[in-house]
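**Q** Please put together the full structure from these sequences, using the hints given.
Protein chains: 2
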Amino acid sequence: EYVYSDQDQRAVDTLRVLAADAVEKVGSGHPGTAFSLSPAAWQLFQNVMHFDPKDQHWQGRDRFVLSPGHTSLTLYLQLFAAGAGIEMEDLKALRTWGSKTPGHPEYGDTDHVEITTGPLGQGLASAVGFAYDQRRIRGLMDPEAAPGTSPFDHHVFVIASDGDLQEGVTAEASSLAGTQELGNLIVIWDDNKISIEDDTDIAFTENVDKRYEAYGWHVQRIDWLQTGDYVEDTKALYEAIANAKQETDKPSLISLRTIIGWPSPKKQNTGGIHGAKLGTEELSGLKEVLGFDPEQHFVMDDELLAHARTVGERSAQYRQTWDAAYQSWRSHNPERAKLYDRLVAGGLPENFADAFPRFESTDGNMATRAASGKVLSALADVMPELWGGSADLAGSNNTTMAGEPSFLPVDRQTQSWSGHPYGRTLHFGIREHASGSIVNGITLGGLTRGYAGTFLIFSDYMRPAVRLAALMGVPSIFVWTHDSIGLGEDGPTHQPVEHLAALRAIPNLDVVRPADANEVSVAWQTILSQRQRPTGMILSRQGLPIFDRDQEAFRSAEGVARGAYVLAEATNDSGETTPDVVLIGTGSEVQLAVAARQTLQGQGIATRVVSAPSLEWFDAQDEAYRSDVLPKDVLTVSIEAGVEQGWQKYTSGQGHSVSLEHFGASADYQTLFTKFGITAEALVTKVQSLYNA
Amino acid sequence: EYVYSDQDQRAVDTLRVLAADAVEKVGSGHPGTAFSLSPAAWQLFQNVMHFDPKDQHWQGRDRFVLSPGHTSLTLYLQLFAAGAGIEMEDLKALRTWGSKTPGHPEYGDTDHVEITTGPLGQGLASAVGFAYDQRRIRGLMDPEAAPGTSPFDHHVFVIASDGDLQEGVTAEASSLAGTQELGNLIVIWDDNKISIEDDTDIAFTENVDKRYEAYGWHVQRIDWLQTGDYVEDTKALYEAIANAKQETDKPSLISLRTIIGWPSPKKQNTGGIHGAKLGTEELSGLKEVLGFDPEQHFVMDDELLAHARTVGERSAQYRQTWDAAYQSWRSHNPERAKLYDRLVAGGLPENFADAFPRFESTDGNMATRAASGKVLSALADVMPELWGGSADLAGSNNTTMAGEPSFLPVDRQTQSWSGHPYGRTLHFGIREHASGSIVNGITLGGLTRGYAGTFLIFSDYMRPAVRLAALMGVPSIFVWTHDSIGLGEDGPTHQPVEHLAALRAIPNLDVVRPADANEVSVAWQTILSQRQRPTGMILSRQGLPIFDRDQEAFRSAEGVARGAYVLAEATNDSGETTPDVVLIGTGSEVQLAVAARQTLQGQGIATRVVSAPSLEWFDAQDEAYRSDVLPKDVLTVSIEAGVEQGWQKYTSGQGHSVSLEHFGASADYQTLFTKFGITAEALVTKVQSLYNA
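Line by line, the protein sequences are chains A and B.
Per our numbering, the first sequence starts with residue 73, numbered consecutively.
Per our numbering, the second sequence starts with residue 73, numbered consecutively.
Worth double-checking, as some hints may not be accurate.
Identical copies look the same in the list; a pair holds intra-copy or inter-copy alike.
[What the hints assert, rightly or not] Below, computed lysine-lysine pairings styled on DSS-like, alpha-carbon distance capped at 30 Å: (1) K317 x K307; (2) K721 x K747; (3) K282 x K265; (4) K349 x K747; (5) K164 x K349; (6) K97 x K349; (7) K747 x K97; (8) K349 x K359; (9) K747 x K164; (10) K265 x K97; (11) K172 x K126.
Treat the hints as calculated values from the structure; they're not laboratory data.
**A** Spelled out as structure tokens, the structure:
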């Protein structure tokens, strides 16, 4: 119900003043939109959203995404007002070491922050993922409920900025949101026509409303300047939100024309108020305009704060209703409730370990991407929480679980893809960046595990989303196939060379490149066993032999879980022996190390082969294991069809790698490996020269 | 003039058959759009574009960008038909080692290929840069000429695919094209409703025409299915192109509804024809439908080929007219002609070296971004070919040359930015990816040097464009400021940690991180002296001391040109001496190495400091120089506020670095450097422990 009392107005103004005080104290920050968005954010947190100030994990809550993370105060101040874990001391600690109020909202640092935002575009794009996730979970738990009647119904609210709407990733995600008819997504665009370079007319003149209509969105415009004066018509905004909620088959954009920094007397409506403190004079001026004492700082009237915090009671009332509905659902859906409890607890299914296929060497050559597809299909029934798809490369990425329906409005089904709104297979179109952001949104939901596939080369397109997953520590899974010059004829634009190194450089991202089908299986098991970090699963286009782990000298693929392990021990005539040389490789090059070992051992050089699918997992092992696998005093040489950068940490030093230091070319892959010297012979030659040096 | 004779039709059909033959022979490739785009491409190359088959460098030519690079045959076949350097043998060598016909068009490998395309979106986005460049050069050379009358007028034609229009980078660039009113840009969108996952209805349902209207484009639709049958109405297409040329204040989108793979009997209009050979039966079927002998391969009727190659004569006629206009322009504009000749030759201005400012240590602390801004302003008059701007961070990136006008339609000027259509300062808005692609387009023009600025963290957003610049070997310049945790309060979403390593991993990209203002000046001079490679210029937010190169022990900043150089030699009481330890650092951390040197020398450890602004430039020096700067047997330790990865190549090995192996945090930068141990003290401690070990 719409309410906006004098007390509300005074509270909204107080929050503006507190924003100014906080930025002034630390000396930097973004006051402009914290002023002008104060009434809109107030409406959302006090009147619109289902939000429990005391329980950030409540599943029935609406989700809130502040896409322009630089206006973090907009969120912190509402959390303060609502009594949701932020107090005045936290506002005073804005942007300082260890505070709950960092420069941008950081997932994990502050309660009720659903996602880290700041790199523009990511918030809105991931919000589309939040909306996907809501629909999928409803489909798993309560698909028969009429619209709006399920405890698994909620909305995703987004505040977006001019910057968010200029970034390409939101264009990608917004187009998908239209295709998917995401009625649960409501975006308020703060249309203030000012960015850092001031008036946006120099670079942002498109008709955004029309663009969103073209995407199939429901678009409304609220112009707080329409009377000629600036009137913060919160009622119009509230009603627009109500309309948006009525619109269940389309995502909604509410274009809200505001004046940045209003009512700051001299700096409102300028780029200068975007990202700098006001200064003493302007700060006083603001307080005077709003009827506050310029001499006082960090003050909120007790009565006003108590008034604001009555939102907790309103929330508690709604929550009682929700709890009753939830308990009713539980009692009517005991099996689903069991699944739900497992997902909330983050536990694995009972028969998890048994679900993973084992492959036989007699299966012949198999691309690791093909093995990955088989693993995913084997998991389909066991892990309903696992879902995902590809950026228009489903057949190439092997990301489709056999027989699983697509996640699609019924009228979007095609001859190739059947499905329904609660389906499982995702189709991102040719939108790699959005696929990453959307999977982050899905994974942040906390109950399901989302994955997105494309060629490894296009990890570059999604890198900002990958980094954000790593920074947040959310377990998004990126399936990247066609992982080297093994891609072949399509040539250097499609052949990764530097990508393994560039991805390994990202802190907290696991990069996993299995050497054969059985390594793929153990890798998936390991990935799905943790929820702390994102993973890049790196898979070959070309067929690879499956090492015979029973009959030959090859050790169990269970070693994959430790990141690197002895695949084939050094031997001499009397059996296993201390290695003279260790060869370490990943993925499709491990077979080359195996072949080189045979040659070298024939020459009397006892050679161990270490398969190293994940250097991050290996780094996490204890020193004893690591020095057992890679003894410090033994000549160690790596082979990987990519740049040497980073390998010096594991080899005997610079130049102890068979690597590729330049771009690829268009030809069949066998020719490329030969021409570029990524061969067993090259490895043998290198080892010989180093061993004899 | 529109022409489409029976001979033309037969030639178009022959090219379809040749496309099928070429893919069949090599066994992989993309026949589908090579069939269906054949008539449209024919119109462009034979009837529309100014194009000299014998001179790919002719400045008067229209530019052609094939954004979906996978349909490279569409281009190769027109070049073959026109006699522009491709012969039948080249078609037979499709996608094989060393051929002129690689899987995707590669700039430099094939005459008349204006840009490497393949990663979808890049072609169309860079085409916007081509269009910017045309306008800028006209402004430099012939600004008074009436529209359409200058030898510097030409059009940029683009063929774009569904995938191109789904990628976010084209959304960004297309919005800018609308703002810039690029009447010289004409895009034909191949609207075939099929991508790799088949019917695009699963992921691409937006109204593209309406979206482009929202960007301010002129939009026309040609539907070859409108009669119910599929009729390749090339006349309608030709007329639409003519209309688009009439529209001088808006970029044009021509949405051309086609059937992919038409008239392949069974595979047309399926995802299956996108990227796979037809197979014997379907290939025969195609030939039969078109009236060719299924038993014959790689045949073009001699008479037909001769007919096609008459385009050379038509071109020669136009070129005569153009040459006359050009000579007339030269005689009336001798000074401009002199500049033009220098730009075509790729030469530097006469007073180039003198233009670069030198800074005094008495200037106090100066951020390297500030120094960079001063260098750019100093170059404004000397190098008119240098231009660029920022993705809405002009004031932060210091990318604006003082007093230079913005590149803007007159009615887009704002209070902060005056300019005109021939201006120099670019405003990309919050669109980092497009900024990179556009600068690539500008730089591919060959006459000017474009640069794009943003924060280093957002190099992730533009990485696909950066990689493509490196792959093509074009000298785009990326100005990346706020280069470490020195960014401070905005926190980890904005603080690069892994970015230096990730960028250094890209082959053929120069990464340059100067340590003080004078290094910035020499770095710019070095960058602008070559045209072979792109550069990432990495600059600090925070102020850095300017080393006193005259009075103290600091050597000349001219060493920057060699990538790494001895900034301060080891000394003892008798003066310079052989170092016991070498400290190597970059950017803001070099001052820490200098401070550590003083402490260490006080303890009797003779310490050399090497400043290493560009490891790529250093790697390019001869072995003698490199081992002189970094003697192999001397303990070498690095310091850089980023991951260690890659430094092992220069230090004494793993662990010989003061580095940052995790994400940053929100606090003032001094606190961050201290808390994270990127300090002179940490360096001293590390050296002591290694030296004594």
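**Q** Work down the list of hints and note, for each, if the structure agrees.
**A** Each hint, compared with the structure:
1. In the homo-oligomer, the alpha carbons of K317 and K307 lie at most 30 Å apart inside one protomer (15 Å), although the nearest pairing across protomers, at 48 Å, exceeds that limit.
2. Taking the shortest Cα distances, K721 and K747 sit within 30 Å of each other both inside one copy (27 Å) and across copies (25 Å).
3. Both within a single protomer and between protomers do K282 and K265 lie at most 30 Å apart by alpha-carbon distance, with minima of 17 Å and 22 Å respectively.
4. Taking identical chains as interchangeable, the C-alpha atoms of K349 and K747 lie at most 30 Å apart only when they sit on different chains, with a minimum of 26 Å there against 59 Å within one chain.
5. With identical chains, the CA atoms of K164 and K349 are at most 30 Å apart within one copy only, with a shortest distance of 14 Å there and 66 Å across copies.
6. In this homomeric assembly, K97 and K349 come within 30 Å of each other (Cα to Cα) only inside a single copy, at 9 Å, whereas the closest approach across copies is 67 Å.
7. In the homo-oligomer, the alpha carbons of K747 and K97 lie at most 30 Å apart only across protomers (22 Å), although the nearest pairing inside one protomer, at 62 Å, exceeds that limit.
8. For a Cα distance limit of 30 Å, the shortest separation of K349 from K359 inside one copy, 14 Å, qualifies, whereas the shortest one across copies, 72 Å, does not.
9. Taking the shortest alpha-carbon separations for K747 and K164, only the inter-copy value of 21 Å comes in at or below 30 Å, while the best intra-copy value is 62 Å.
10. When the C-alpha separation of K265 and K97 is checked against a cutoff of 30 Å, the pair qualifies only within one copy, where the shortest distance is 28 Å, while the shortest distance between copies is 56 Å.
11. In this homomeric assembly, K172 and K126 come within 30 Å of each other (Cα to Cα) only inside a single copy, at 16 Å, whereas the closest approach across copies is 66 Å.
In summary, this structure violates none of the numbered hints.
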